[in-house]
Amino acid sequence: MKINRRRFLLGTTVVGGGLLLGYASTRPSKHRIANESAGSEPFLTTWLRISEDNTVTVIVPHSEMGQGVHTSLPMMAADELDADWNLVKVEQAPATDLFANGVLVKGFAESLGVSFPRFLDGLATSATMKVAEIMNMQITGGSSSVRFTGELGMRAAGAAAREMLVKAAAARLDVPETELSTRLNYVHHDASGRSLSYGELASDAARFEPSSEPKLKDEKDFTLMGKSIARVDIPAKVDGTAAYGIDAEAPGMLYAAVKTAPVFGSKLQSVNADAALSRRGVVKVVELENAVAVVADNYWRAKQALAALDVQFEASENDQVNSQSIYAQYDTALEGELNEDIAEGDAANALENAETVVEATYRVPYLAHAAMEPMNCTVHFHDGKCDVWTGTQDNLGIRGRVATVAEMDENDVTLHGFYLGGGFGRRLPTDVNTIDQATLIAKHFDVPVKTLWSREDDMQQDYYRPAVTSKFRAGFDANNQLVAWQNHYIGKNEPAEAAHTPYSIANKDIAYADSETHIPFGAWRSVAHSQHTFFLESFVDELAHRSGQNPYQFRLNMLGDKPRHAAVLRAAAQKAGWGRNLAPGHAQGIALQESFGSIVAQVAEVSINNDGSVKVHRVSCAIDCGRTINPDAAASQVESGVIFGLTAALYGEITIENGRVQQTNFTDYEMIRLHDSPEIDIVSVDSGEALGGLGEPATPPIGAAVANAVYILTGQRVRELPLKNYRFTAAPVETAV
Amino acid sequence: MARFRVNGVERELDIEPDMPLLWALRDELGLKGTKFGCGIAACGACTVQVNGNPVRSCVTPVSAIEGTDIKTIEGLAVDVGGSKQLTAVQQAWIDHQVPQCGYCQSGMLMAVSALLEANPNPNDAEIDGAITNVCRCGTYPRIRRAIKSLSTTA
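For the record, the sequence lines run as chains A and E.
If you use this note's numbering, the first sequence corresponds to residues 1 to 737, in order.
If you use this note's numbering, the second sequence corresponds to residues 1001 to 1154, in order.
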């Protein structure tokens, strides 16, 4: 059987008398060519199960890391199913191939009549996060769960199951399907007053072939989508019962504390373990290529013994690298040959003929993720098999990673998933140093071993948000019109469009230079938008002031062909009362960006503290994510995104000295806390367009919004973050109205 | 031998006197609700109550809490007729949908419960001064709202 680029439903199976509905698509993967030539493809599914007791179980192929996905996705399936929310249970999909998340296939979207061509095209052409790779795994990232798994998979699964239940009821009651209606886990035949529960119908329904084209509801008929539903994961998070990877417990478990080479890529040279081995509870010292571990019967004992080790690491060619040398390397790279990102019109010529040219160089440092739960992974090798307990943004990917490192068949590895104590990109399968260490350490034992990193390990062995330098030149013509935009930056990353400004400018030259360092880098909430939105929206603000225009009006004037962006910008300005009289010493800054399918504008109200530091009082945030599934949970994500971005803007800085990270803990990598957390006002601009993401889009604009306000207060243009490195003096700037 | 009460239960542990309470709770007593965040009292994820006072258990050696009453997140809810009754603070956390990843919230709840016990009507400055725990998800706006909803003059 050859099935290509077509949605395909797995045959239904009766499990325990219930209906197990697998909703599948072909595998849109890096293996597609291989699959086509082989003539068969594995099926990728999201699932819905209906039991005889009339409960509905929605199996979610995404990790819950606080974004509410274990609530929003079941809402989408349950709504299409006309299910009773009180009878809905949620399970996280096991990490097996059958539950790989394959709904995000372009052909699937098209066949369903749901159009997401722009985003999918962007992904399909992207360099490092190919759509195919996402499909193959159970990734929770890219702000993708609701807009893809939910919109394309969960809704279809719910709708198809509802149709099958109606068919079963029609047969049972011997009435036409058209006389039946569904509501709250029952099929009703109003004419005769008879009703059958979904549970009663489940095994009959399972005998029908699921529709390949289930009819989805119109928005006006939604019963759950669009309503604020309490998150299912919250009760366990207020009574201490929510289990995270660090809480994994298995009989006979040992604990490993690890010391890793501080210079990335350096190797372990020698270890004298005598002092450590004589300590209470210490079982073994395990040497790895670039690290050494102490394994003991208690984590604290392992950690104490680790400090007693005499460890030497090899010298490395990177021992002399520091932040300044990296920036110098970037500057050299930007003088060399560049790769085209966008070339429109003739920017060089427009700059040459410009009346005024404005130039600026921006940069931002490396950042650590600093998820609250330190990295950990528990591994148990036994009987030729392997059990793994960890919280990850991709259970299936991590199962594969452990199998690879352990040189085992994937099917012999069982991954036990947990809640994540923060993800933000750190727990993606590209970020595997902890997983690899835990696997290699546990190979020495036949009991479970929990490898746990300290906060210092986490901060110094992260996969960092890269430091980036970005150079701008812009030209105005004699009529004070912005006619040329040149932006040369370091390292094109994901998403591919991160350096693209939405504004209408006739001539654009956007190009980048690659400049590799030995610092490991990974996805950090909002990925490349986190750097580029600060650059873009700060420089646009400079241009507004330099041309004597109001920063809000200046942006709006260049959004003539972007009505959604303009509407969001207006909404944020209106919410904030842009231009109103503020408290003495306060000013507002504004910024706008589209990312992950959502458009966000923010206005920050800022003042300068007596000590010259920055105080952010209020952030007014407008977002157009198309349509909101769970409004209160969506608001949480926006609040979270703002504070995450603001933490980076105010405090975030990882510096490199002698090839290694200097920061160690929350004392020198400070976080926003309650006292400096601003009030956040959110206005939702539901345009009704395709669903956009929510986990990340609120993060990018805040740095520029705050820095733009700082300019008005001080006349000082912030071209490098974080703001903690400045001591500002109030010197208000006159702004155009 | 370390002796103290945890959530009303007498505990006796043959552990080193300098072992932090955090690891005695987690690895020796299996009480996993108290979280490890930083190990240096900088984040508050490990906050428990010692004789009603909020204490960062990651830097508190068991020798320093000999004979005291320890309350952890597991001991916050009250047993009423065999079922756990959430405290007003826990209920407010649900009502305001405070937690996101939830990892810091055990410590947050223990710190806030101690604050409200000592000062039922804290103003913003008092809240800021007492609650210095880190929440990486940034649930602060909801934390403040939830605390204010519990104020007896609200």
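Worth flagging that the hints you see were computed from the coordinates, not collected in a lab.
Treat each hint with caution, since some may be false.
Claimed, not checked - Facing chain E, according to a computed beta carbon distance under 7 Å, are these residues of chain A, among others:
1) A242
2) G400
3) R673
4) V683
Each residue gets a CB set at the ideal place from its N, CA and C atoms; glycine is no exception.
Quick rundown of the hints versus the structure:
no., hint, result
1, A242, "holds (5 Å)"
2, G400, "violated (24 Å)"
3, R673, "holds (6 Å)"
4, V683, "violated (15 Å)"
The structure is inconsistent with the numbered hints 2 and 4, although it conforms to all the rest.
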